[in-house]
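Below, each chain spelled out in residue letters.
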Amino acid sequence: MKSHYLEKIFYTQQPYRRLKIIVILLFLILFAIIWALTQGAKAESDTANTTATKEKNSCVECHTQMGEALAHPVEAMQKDVHAEHNLSCADCHGGDPTQFAPELAMNPRKGFIAKPKPKEMAAFCGKCHSDAEFMKKFNPTMRVDQEHEYATSVHGKRVQQGDEKPATCISCHGFHGIKAVNDATSPVYPLNVAATCSGCHANADYMRGYDIPTNQLEKYNHSVHAEALQKKQDLSAPTCNDCHGNHGAAPPGVSAVANVCGTCHSRQAEMFQKSPHNDAFANMGVAGCAVCHSNHEIQTPSDELIGTNDKSACVNCHTQGDAGFAAAATMRGMISELDEQIHDADGLLTKAAKAGMEVSRPQFELQETRNQLVNARVVVHSFSPTTLANAVSPAIESAKKQTEEGKQALVELRNRYKGLGLSLAFIFLAAMSVYLKIRQIENGKNK
Amino acid sequence: MKLTLQSDTLTWLDDRVGIETLKQLAQKKEVPLHRHTIWYYFGGMTLFLFAVQMITGVLLLFYYKPGAETAFESVQYIMADVRFGWLIRSIHSWSANLMIFTMFVHMFSVFLLKAYRAPRELTWVSGSLLFFIILGFGFSGYLLPWNKLAYFATKVGTEIAGVVPIIGQLVLRFLRGGDEVTGATLTRFYGLHVSVLPAITLLLLVAHILFVQRQGMSVPKKFESKKLPTMKFVPNFLLRDVLGWLLVFAALISLATIFPWELGEKADPFAPAPAGIKPEWFFLFMFQTLKLLPAKIGFMDGEVLGALAFGIGGMFWMLVPFLDRKAVNGKNHRLFTILGVIILLYIITMTVWGYLA
Chain A
599 MKSHYLEKIF
609 YTQQPYRRLK
619 IIVILLFLIL
629 FAIIWALTQG
639 AKAESDTANT
649 TATKEKNSCV
659 ECHTQMGEAL
669 AHPVEAMQKD
679 VHAEHNLSCA
689 DCHGGDPTQF
699 APELAMNPRK
709 GFIAKPKPKE
719 MAAFCGKCHS
729 DAEFMKKFNP
739 TMRVDQEHEY
749 ATSVHGKRVQ
759 QGDEKPATCI
769 SCHGFHGIKA
779 VNDATSPVYP
789 LNVAATCSGC
799 HANADYMRGY
809 DIPTNQLEKY
819 NHSVHAEALQ
829 KKQDLSAPTC
839 NDCHGNHGAA
849 PPGVSAVANV
859 CGTCHSRQAE
869 MFQKSPHNDA
879 FANMGVAGCA
889 VCHSNHEIQT
899 PSDELIGTND
909 KSACVNCHTQ
919 GDAGFAAAAT
929 MRGMISELDE
939 QIHDADGLLT
949 KAAKAGMEVS
959 RPQFELQETR
969 NQLVNARVVV
979 HSFSPTTLAN
989 AVSPAIESAK
999 KQTEEGKQAL
1009 VELRNRYKGL
1019 GLSLAFIFLA
1029 AMSVYLKIRQ
1039 IENGKNK
Chain B
206 MKLTLQSDTL
216 TWLDDRVGIE
226 TLKQLAQKKE
236 VPLHRHTIWY
246 YFGGMTLFLF
256 AVQMITGVLL
266 LFYYKPGAET
276 AFESVQYIMA
286 DVRFGWLIRS
296 IHSWSANLMI
306 FTMFVHMFSV
316 FLLKAYRAPR
326 ELTWVSGSLL
336 FFIILGFGFS
346 GYLLPWNKLA
356 YFATKVGTEI
366 AGVVPIIGQL
376 VLRFLRGGDE
386 VTGATLTRFY
396 GLHVSVLPAI
406 TLLLLVAHIL
416 FVQRQGMSVP
426 KKFESKKLPT
436 MKFVPNFLLR
446 DVLGWLLVFA
456 ALISLATIFP
466 WELGEKADPF
476 APAPAGIKPE
486 WFFLFMFQTL
496 KLLPAKIGFM
506 DGEVLGALAF
516 GIGGMFWMLV
526 PFLDRKAVNG
536 KNHRLFTILG
546 VIILLYIITM
556 TVWGYLA
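Going line by line, the protein sequences match chains A and B.
Numbering-wise (my numbering), the first sequence opens with residue 599 and increments by one.
Numbering-wise (my numbering), the second sequence opens with residue 206 and increments by one.
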């Protein structure tokens, strides 16, 4: 019946009734359009309001207008790690960026600090960086003890005493344009640390009065560590902060050197600490590892370091006739013997391999012997000929076995050639017989 | 007494297998003599090298252990610890290469002398099938030591098979026994190398040799009308064959001793492919061609087109006796001679280029 009703509306013979319905429909459509437009305008106005609030930053606007040095922070902040996390000027400097009058915007009562003094710097950054609750919003694994550590550093202590020259946070990390530590352009990225520290420490004028050398960078650049870090781009190789600490930077004390080196060279440190040298050096007031290996200019250690020749570090303290001198000679003898045995085995096996002999098994075993030599060089840090002998003796036996296998392979090679010669003689004899047989058959036939 | 015993044995055998008939056949067989007679030796040489492959192959089977975890180690054991293992394996590898070389020479000499013409079409077809099978031996055998080079060569080789439209992926998966070259590929290559391919080869070889025996040696067209001097197959030609075999064997053991076949490093599917990886020399001309083709030719991938072209080329090669219409009528077709020379030069150039690249 409903269909009839609709039919009546649209197909009714009463023209006014149809017109009335059309007008109502038109009004409804018009109302819908107006409502939609109103909603759209409201949304636009909301967005505009939000943007206005967001953009209403008097720090940015005024400093941009002031130009030159005063505009620089605005520009630098574009690439700052803090800006990347939506932090604004006021988050560090305080004040009220919604106000445009300078006295209101930079109101000290609203926490405004224009330029923190060196003494205030650690606390200035520490407002956020020492707040574990706050920092975990950005990086849950981030340290929050930098401020505390800094207070223990030589830099921090001197600054607290009123010296304004030592490093504060911004000396190393920069300001207005601070990069994350793992950003390769950051001054504290491992490859850049030495340059950053030496900015002050290699500057003789700046360091005058502190009574510490200024050639650390020059020495470090010649070290095995710098080679690994800078040439081989091995980011695990140490730079300044790996030994001295970063926020708590301080020269390691005499007793701490073995611990510092031991963070990477753990077995050497363990052996050294059990060795007679540990107490002896401590009593002498000299820093463990550095006595033989130096500190900043650490070279790739060679076997020359141990023994009784001129280049040896042992002869700096030990002299002919004392027990240490004899021990040094014995230990050097053991290391050299193993090295020579490995060299001999390697020569023979390489020669055999080049001639096509299958010697990959003894070559593989020789690699294991080489590892034993590496281990023996570590065991040297026990400074005990007996301990070293326990490490070296089995390795010498292995090297001798591999030398023997190399010799046997070369004997076998000679035998192969002899066998080949003999076989070729037989084959050529057989070939000659066949040839003569052919001639015999064909000559006989020709006759 | 001895003579009687021999003669008794022969009579006994003759009664059962008809030795006398074979003897008569052998005595009747003659080899025509002309300035191209030398090419007749290459078929026999290939056969001799195939026999060497069979013998050394069986000896290797005694120690070889297929499988991703055992293959390399077993070949290493053969090379280092098995008495004369190094010699057997090196002879097997060198002989494989020499056999493929002599097979190429034999095939091209037959092609250029038009020995495929009627009634020897089937001899040619069986020979070309043997050619493809032998290349299959080369491809499958190369992987068996399971070393780095072989692993990646197989990976590349099967990838090329995979680009063929429609059936490519099916072939690739069939060859690899999965999506990647793994231990499953090794065991199936092993199966093909030591069982399927030898069985097919023996069947084809018997057919090929029977065809040759039935039709005798083909004489180049220009000498056909002349009355050519001949040589008895037994013993004159056969003794010459033996002389050649002895010399090749001498070369073979010299190569195997002075340049033992390298084993290399064990295959590591997770290691990056070594730089400048190349297939064996007998596949180099195809590899080099595919390398030189542009990525796109018209609407098709260059590689796909190349793989298809080689497939069609192989088919054309096998069907040459039926396509060379003049040969069917016993005439010389210059175009096919030129084509043969071009193909030969192409293979040589591309192989040298691929080797030096």
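Hints in this document: simulated from the structure, not taken from any laboratory.
Heads up, some of the hints might be wrong.
[What the hints assert, rightly or not] Simulated DEER-style distance windows between Cβ atoms: (1) B:G272 x A:L1020: 52 to 62 Å; (2) B:K431 x A:S1021: 23 to 33 Å; (3) A:Y1015 x B:R240: 54 to 64 Å.
[Stated by the list, open to error] From chain A, some residues computed to sit far from chain B (all C-beta separations above 10 Å): (4) N813; (5) T985; (6) K999.
[Said to hold, decoys possible] Over the 10 Å line for every Cβ pair with chain B, so calculated as not near, a few chain A residues: (7) K717; (8) S834; (9) Q965; (10) A989.
No experiment lies behind these values; they were computed from the predicted model shown.
Idealized CB from N, CA, C, for every residue including glycine.
(request) Given the hint of 54 to 64 Å, check if Y1015 of chain A and R240 of chain B actually sit that far apart at their C-beta atoms. (result) Check failed, 40 Å falls outside 54 to 64 Å.
(message) Beyond 10 Å on every Cβ pair: is that true for Q965 of chain A relative to chain B?
(response) Correct as stated: the minimum Cβ-Cβ distance to chain B is 14 Å, above 10 Å.
(request) For K431 of chain B and S1021 of chain A, compare the CB-CB distance with the range 23 to 33 Å and indicate the outcome. (result) Once the Cβ atoms are compared, 44 Å apart, the range 23 to 33 Å for S1021 of chain A and K431 of chain B is violated.
(request) Beyond 10 Å from every chain B Cβ: check whether that's true for N813 of chain A. (result) 44 Å, holds
(request) Evaluate the condition: distance from the CB of A989 of chain A to the nearest CB of chain B exceeds 10 Å. (result) 30 Å, holds
(message) Would the non-interface assignment of S834 of chain A survive a Cβ cutoff of 10 Å against chain B?
(response) Given a closest Cβ separation of 23 Å, the condition holds.
(message) Verify this label for me: K999 of chain A is non-interface relative to chain B, using a Cβ-Cβ cutoff of 10 Å.
(response) 15 Å, holds
(message) For T985 of chain A, is the shortest CB-to-CB distance to chain B above 10 Å, so the non-interface label stands?
(response) It holds; T985 of chain A is separated from chain B by about 36 Å at its closest Cβ, greater than 10 Å.
(request) Compute the least Cβ-Cβ separation between K717 of chain A and chain B, then decide whether it is above 10 Å. (result) 56 Å, holds
(message) If I claimed the Cβ atoms of G272 of chain B and L1020 of chain A lie 52 to 62 Å apart, would that claim hold in this structure?
(response) 38 Å, violated
Of the hints listed earlier, those the structure fails to meet are numbers 1, 2 and 3, in rising order.
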